[in-house]
Amino acid sequence: MQAMLALSSVISLAGLAWLLLWLWRDYCIDAYRQRLFALRDELFDLASASAHGLSFPSPAYAQLRATLNGLIRFSSKVDLVAIGILSLRMRGMAYRPAAEFDARWARNLGRLDAEGGARLESLRQRMHLATAHFAIVSVPHLLVLGVPILLAFVGAVLVRAVLHSAVRAVPARLSALRARMESMYDAAAFDEGLSAA
Amino acid sequence: MTKSNKTKADLVAENRVLRRIDSANGWASVLRTAIKWGGMVGEARYAWLAVDSLAGQSTVADIGLKFLAEVGVSDVLAWLLAGGAVVFGLVQKKLRGDTIQRLSGRIQQLEQQIDPRRTSSHLTVRGQTNPVDRE
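Chains as they are written, first to last, in numbering that gives the first Met the number 0: chain A, 0 to 196; chain B, 0 to 134.
These are calculated hints, taken from the structure and not from any lab test.
Among these hints, one or two may not hold up.
As the list claims (entries may be wrong) - DEER-style ranges, computed between Cβ atoms:
(1) A:L87 to B:A43: 55 to 61 Å
(2) A:E41 to B:A8: 40 to 46 Å
(3) A:A37 to B:V50: 44 to 50 Å
(4) B:P115 to A:L22: 51 to 57 Å
Just so it is clear, CB atoms sit at the ideal spot from N, CA and C, and this is done for glycine as well.
With the sequences and hints as input, model every part of the structure.
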């Protein structure tokens, strides 16, 4: 019985390692790319309909498509660890391309009508949602470590906010942090999308 | 495309940011690899402990014979189910790659007829990460 247990444990451990460390991540990358391709197709169809001021030569179309292309291309480099380390390393630094990206995005959306702008903004939000989902679920072994780190980070933010008597500013701070990270990633993906073009 | 007249201070600041991003990517890559292979080492240790618990009690031939003798129908069924699921997944993955390879060229061609300036994500024809973009 002991021999049976030992051998099946060894084989199961090897299989689990293969599943968690290689197959799962590959599947998540494929699924994430699939979501982004679906968003890119939706964008293409919107431009193809030439409605709401949106068409293929529209700068808003080119900007969002290049961003999606950048994310699709480099999705193998996105995960919870990369985002966490990047946010720590970039803390307190002004990232000019992110500000430029946001300014350009606002300018480009302004050239569309209200519904066109809302549709593109919705596509961008869904792109962020897909990216956040992918970053979290694609690394199950890191999730075990990431949750305590995330809790520690949230705890540190809360303690700092309390110390500065700024509890009311927490949602705004978290929202600003989220917006900052989103813009930073979008700008980086946009540059990669342009270089891929 | 995003070229603009940047001052020296702008370029220095941008360079500093880019170096930080590069260093963050480097650290992330090191941490990711350390956790992945650390996990493998941990699993290898437990696999070794499982085998080591039999040391001095049996020969390899004994273990093989006992293993075969103790394998029940439910064990065989469980292994068949697990192995079958893995093979099914791999075959589906290959089929998906084949389908992408078959359709991607056509989609690209049709979209290019509508939008001649169509841009690409530069994945391979099977929808995988381009080798030049790998870490």
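Hints, one by one, checked against the model:
1. Taken as a hint, the range 55 to 61 Å is violated for the pair L87 of chain A and A43 of chain B, whose Cβ atoms sit roughly 31 Å apart.
2. In this structure the supplied range 40 to 46 Å holds for E41 of chain A paired with A8 of chain B, their Cβ-Cβ distance being about 41 Å.
3. Between A37 of chain A and V50 of chain B, the C-beta spacing of about 47 Å keeps the proposed range 44 to 50 Å intact.
4. Separation of P115 of chain B from L22 of chain A is about 39 Å and departs from the stated range, judged on CB atoms against 51 to 57 Å.
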